[in-house]
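Chemist: Listed below, chain by chain, are the residues.
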Amino acid sequence: MATKTFSVAKLPGFTTTAVLVFIALYLPIFTLVAYSFNASQSVAVWGGFSLDWYAKAWNNDQVKDATMRSLIIAVSAAVMSTAVATMAALGTTRRKAFKGQTFIYVMINQPLMVPEIVTAVSLLIFFGMIKQATGIQGIGYVIFAHAAFCIPFAYLPIRARLEGMDLTLETAAADLYASPWQIFRHVTLPLLLPGVIAGAMLAFVISLDDVVITEFVKSGGQDTLPTYMLGQMRRQLTPEINAISSMLLALTVVLLTAFFLLTRKND
Amino acid sequence: MSAAEKAQAAQSTRNGWLLSTPALVILTLFAVGPLMIVAVYSFLAPGQYGNVEWQFSLDGWRGILWTKDIFDDTYGLADANVTIFWRSIRLSVLTTLLTFAVGFPTAWFIATRPAKSRALWLFLITIPFWTNLLIRTYAINEVIRNEGLLNTLLLKLGVISAPIQLLYTDTAVFIGMAYVYLPLMVLPLFAAIDRFDMKLLEAAYDLYASRMQVLRRVILPIVKPGIIAGSILVFVPSLGAYVTPRVLGGGKQMMIGNFIDLQFGQGRNWPLGAALSLTLLVIVTAALLIYVKYANRDTAHGH
Amino acid sequence: MLRPRVPAAQYDQNQRERVTLSQTNAVEARNAVKAFGEGDNSVRALNDVSVEIRKGEFFTLLGPSGCGKTTLLRLIAGFEMPTSGTILLDGQDITYLPPNKRPVNTVFQSYALFPHLTVAQNVGFGLQMQGRPAAEVKETTARMLALVKLESMANRKTSQLSGGQQQRVALARALAPQPKVLLLDEPLSALDLKLRKEMQIELKRLQTETGITFVFVTHDQEEALTMSDRVGVMSAGKLQQVGAPKDIYTRPVNRFVASFIGETNFLSATAEPGAARLATGAVVEMPGLARSGPVTVTVRPEQVRLVDASEPGAIAATVKTLVYFGTDTHCYLALQDGSELVARLQSPATGEVGLQQGQQVGVRFTPGAAQIVED
Chain A
1 MATKTFSVAK
11 LPGFTTTAVL
21 VFIALYLPIF
31 TLVAYSFNAS
41 QSVAVWGGFS
51 LDWYAKAWNN
61 DQVKDATMRS
71 LIIAVSAAVM
81 STAVATMAAL
91 GTTRRKAFKG
101 QTFIYVMINQ
111 PLMVPEIVTA
121 VSLLIFFGMI
131 KQATGIQGIG
141 YVIFAHAAFC
151 IPFAYLPIRA
161 RLEGMDLTLE
171 TAAADLYASP
181 WQIFRHVTLP
191 LLLPGVIAGA
201 MLAFVISLDD
211 VVITEFVKSG
221 GQDTLPTYML
231 GQMRRQLTPE
241 INAISSMLLA
251 LTVVLLTAFF
261 LLTRKND
Chain B
1 MSAAEKAQAA
11 QSTRNGWLLS
21 TPALVILTLF
31 AVGPLMIVAV
41 YSFLAPGQYG
51 NVEWQFSLDG
61 WRGILWTKDI
71 FDDTYGLADA
81 NVTIFWRSIR
91 LSVLTTLLTF
101 AVGFPTAWFI
111 ATRPAKSRAL
121 WLFLITIPFW
131 TNLLIRTYAI
141 NEVIRNEGLL
151 NTLLLKLGVI
161 SAPIQLLYTD
171 TAVFIGMAYV
181 YLPLMVLPLF
191 AAIDRFDMKL
201 LEAAYDLYAS
211 RMQVLRRVIL
221 PIVKPGIIAG
231 SILVFVPSLG
241 AYVTPRVLGG
251 GKQMMIGNFI
261 DLQFGQGRNW
271 PLGAALSLTL
281 LVIVTAALLI
291 YVKYANRDTA
301 HGH
Chain C
1 MLRPRVPAAQ
11 YDQNQRERVT
21 LSQTNAVEAR
31 NAVKAFGEGD
41 NSVRALNDVS
51 VEIRKGEFFT
61 LLGPSGCGKT
71 TLLRLIAGFE
81 MPTSGTILLD
91 GQDITYLPPN
101 KRPVNTVFQS
111 YALFPHLTVA
121 QNVGFGLQMQ
131 GRPAAEVKET
141 TARMLALVKL
151 ESMANRKTSQ
161 LSGGQQQRVA
171 LARALAPQPK
181 VLLLDEPLSA
191 LDLKLRKEMQ
201 IELKRLQTET
211 GITFVFVTHD
221 QEEALTMSDR
231 VGVMSAGKLQ
241 QVGAPKDIYT
251 RPVNRFVASF
261 IGETNFLSAT
271 AEPGAARLAT
281 GAVVEMPGLA
291 RSGPVTVTVR
301 PEQVRLVDAS
311 EPGAIAATVK
321 TLVYFGTDTH
331 CYLALQDGSE
341 LVARLQSPAT
351 GEVGLQQGQQ
361 VGVRFTPGAA
371 QIVED
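Residue numbers (this note's numbering), protein chains in the order written: chain A, 1 to 267; chain B, 1 to 303; chain C, 1 to 375.
What the hints contain is simulated information worked out from the structure, not anything from laboratory work.
In this text, a Cβ means the ideal position worked out from N, Cα and C, and glycines have one as well.
Among the hints, erroneous ones may be present.
As the list claims (entries may be wrong) - Label-pair restraints from in silico Cβ distances:
| id | chain 1 | residue 1 | chain 2 | residue 2 | range |
| --- | --- | --- | --- | --- | --- |
| 1 | A | Leu51 | B | Glu53 | 53 to 59 Å |
| 2 | B | Lys252 | A | Tyr26 | 44 to 50 Å |
| 3 | C | Ser162 | B | Lys199 | 29 to 35 Å |
What the hints assert, rightly or not - Only some residues are given here: those of chain B computed to face chain C with a beta carbon under 8 Å:
| id | residue |
| --- | --- |
| 4 | Glu5 |
| 5 | Ala9 |
| 6 | Gln165 |
Said to hold, decoys possible - Negatives, chain A to chain B, calculated, CB over 12 Å:
| id | residue |
| --- | --- |
| 7 | Asp52 |
| 8 | Ala55 |
| 9 | Trp58 |
| 10 | Pro115 |
| 11 | Ala147 |
| 12 | Glu163 |
| 13 | Asp166 |
| 14 | Thr168 |
| 15 | Gln182 |
| 16 | Ser219 |
| 17 | Gly220 |
| 18 | Thr227 |
| 19 | Leu256 |
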C-alpha cells in the first residue's frame, strides 16, 4: 500500500489551484510582452522576432510627449505628496493621542476610500469652475490631483517606519545634549530615510499608473502615457501598445524590487 | 498634571496639527472639497451643453432609477439604468466570489511555503498588484479576444470550430475584473493565514476532525477577518470600475463608472452624473463601515 | 535593637550619616510626585519620594517592576517632569531643565544605540552635539573605547556587536561627555548570567576609575547588594529604606524590604521588655526591645539553627520537608502553633543532613539575628 505522509497544513486541491492561479496571473502578461517583439503588423499573428515596435514607440512623438508628461507629473506629485506625508506622519505618530487625530487619519486615507471615478468627476467639476473663473490652464491641475491621491500611499510606509522606530533613540540623543533640531537632523531623519524613499517610490508608481483621474482632469493635448494608451485602445491595435506596456512594466518591476529591498531590512 | 506637563501636552498637540496641515490643505482642496461641490451639483438642473443651470432640481436624483415619460410627464422605471446597476452589482459579487474561490487556496499555498521562498511567492502576487491596471486589462484583452491566445489555442486543439466571442461581453468584464483585482483578495487573506497558528490544525486532527471539518470549523472562522477585508477590497473597486468595463466591455457593457462618465460626456446630464457618483460613494462607504465594524468586533474578541 | 518609628529616609540620615554636612549631594529629589493619567484614573508612579545621592557613590534604586524606580531615574535624566516636587543636581534646581541641557547621561535598558552610526560615532555623539572640536571628540572617543576595551570595534556597525559589546558601547557613550551623574536603567537585564556577573565587576571598576556618581536601577537584589555603596529600596511609588547593603539585609525596616531582599521567615509574636514571645509560647531574646503588644519577628533562614529537641530554650518544631539545593539544604519546619519556618542548612560532604521527615527538632536563632519589622 502506498503511504502518503500526512501534512496538517495541506488541503486537497489547494496547491493545484494556487499553481494555476500563478499561471493565469502571468500568462497574459507574458503574452503581452511576447507580442511586443512581434514583427507582424497585427497583434494577432506571430510574424517572427523584431524590436521594430520598440523603435517605433521610441520615435513616436506622441509617445515621447506623453512619457515626458507622465514623468513630470509623477515626479512632481511624488515629491509633493511625500513632503507633506512625511510631515503628517511625524505629526500623527509617536505622540500622545490628541483631539482630532482620527479626523486627520480619515482625511489622509480618504483617497483610498473614494472610488476613483467619483474623485475624477468631482475634480472635473471643481477644476472646470476654476478654469472658467481664472482662465488658468496648464498641467498644474493634474499634478495637484495626483499629489492628493498619492498622499496616503506615501504616508503609509513612512508612518510604518516611524512606528517601528525605537523612541528611546531620540531620548538617548536628547540625553547626549542634542537639541530638538539636532535630534531630528542626526537621528530621526537618517533613520526615517528608507521610509521616505519607499513612500516617494510608491507615490511615483501610483501617479504613473493613474488612468481614470487623469483622463477626467487633463485638458486637450495633456495626454499621459496611460491616457494615451487608453485612447489608442479604441483604435486599431498594433504591437506598439505592447512595446509601451512592456517598458512601463519593466519600470514598475525595477521600482518594486528596489522598494522591497528598502523596506525589508528594517534596521 | 502640573502646569509644565499640561504645557508640554498642549505643545505636542499643536505640533501634531501644524505638521499635518500641509497634507490636510492639499486633501481638502483636491479630494474632500470637490466632493462637496458634487453634492451641490446633484441638486441642480442640467445645462443644455453640459455643466449645470443654477436652479434647484431633484431630477438628478430621480434620474438614477426613474425616467420621465416624454408624453404624459409620469415617471417610470428606467430599464437601461436598472440593467446597468444590476450588471454592476452582479459582476462585482461574482468577481468577489471568484477571487475568493481561487484566492484562498493561493493565499494558503503562499502562507505554508518555507519562510525563504514565501517572500518570493508573495512578491509574485505583488507585482501584478502594482502594475498599471490598464496594462493588465490590455493583457487580458490579448488572451480573450477573437484572435487571442485562448481562441487560437482552442481552435488548434479542435475544441471549437469558430472563435468564441468573449470580448465586449459581461463575461469578458467579469474575467477582467477577477484578473485585475485578484491580488487585492490574496494579500489580506495571506496576512490572516500567516497569523494562523498551524498547531491548531494538529489539535483539530487530534480531536478526530476530517479535512473538510478542519477547513470549515477551524480555518475559515479564524481567518474570517482576512476574508472580509479581501472581499471589501475586491468588491469596492469592482463596483466603481471604469477602465476594465470600458476596455473589455467595449462601451456597451457599461457599469456604474462608465454610466457616470457618460453623463459628463454625451449624456450632458451633470446633475445625474453627480447623483450617481454620490450613490456609488454611499454604497462604498456603507461597505467600508461594515468592514470597520467587523474588524473592530474581531479585535475586541481576539486579542 | 529597637527601631524607632521614623520614615526610612530620615532614619537613614539620622542614624547612618557618615559624611560631613558641608558636602553637597550629587543628586537630590525632594517630595517628588509623578502621576500618570488624569482624575480618577490617575496612578501615582512616584508618591512623595525624597532621596539624597552623594557625590561619587554607587547608588542603587532597587524594587519590583512598577515600583517607580525607573520613573525616578527619568525625572533625574529630564525625560519626564514631576507632577510636583523638585530635582536638584549639585544643589541646583533642574526640575524643568530639558535633558539635553543636563550634565547627566543615561545607559538605557535597551542600550538605544544609534543603528545608523558606527561604534565610534555612537560614543562621540554627545561630544559632537555639544559642539566640541573634532580633535577632542576623536581623542575622547578613543579613550572611552579603550576604557571599555572595544578599540578594535570602533568602525563596526552596532548591529554587528554582541549583547555584551553593545552594553559596553552604551556605557562608553554615556561616559564620554563626562557627566556629573551616570544613570543606569537595568542595563544588565538583557545579558545572560555569566556576562552579567562580568559586567557587574566591570561597572564597579569603571565607577571607581572615573569617580562619577552612578545611579543604578535594578530589580535584582543580588546586583544591588554586590555593587552598591548604598541601596534605596522602593515599592509602590515610595522609598522604603535607604542604606548600605549590609544594613538593608540585616536590618530591614519593614516586611516588604525583608522579603524583597533575600529570603526570610516571619513569625508573629508579642513584644515584652527584652524579648519577643512567639505564638507557640517560646521566647526569643531581643536585648533592648522596649515596646509591647503584637509585633512581627523576622529571621533569615541561614540564621536558623537546628538543635536537639531536648535542648533547653530551643523552640520545638517538626521537620516537614527537606529540599536539596546543592550547597545547602532547605528544611521546612512546622512550629507547634502551626506556623512555618525555613532553615537553610549547609549540605555536608555526603549531601545528607541527617534529618527525617516528621522528626522532632529544636530551633535556635543566631543571637541578634532576629529582628522586629513593621508590616
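Chemist: Hint by hint, which ones does the structure fall short of?
Modeler: 2, 5, 6, 10, 11, 18, 19
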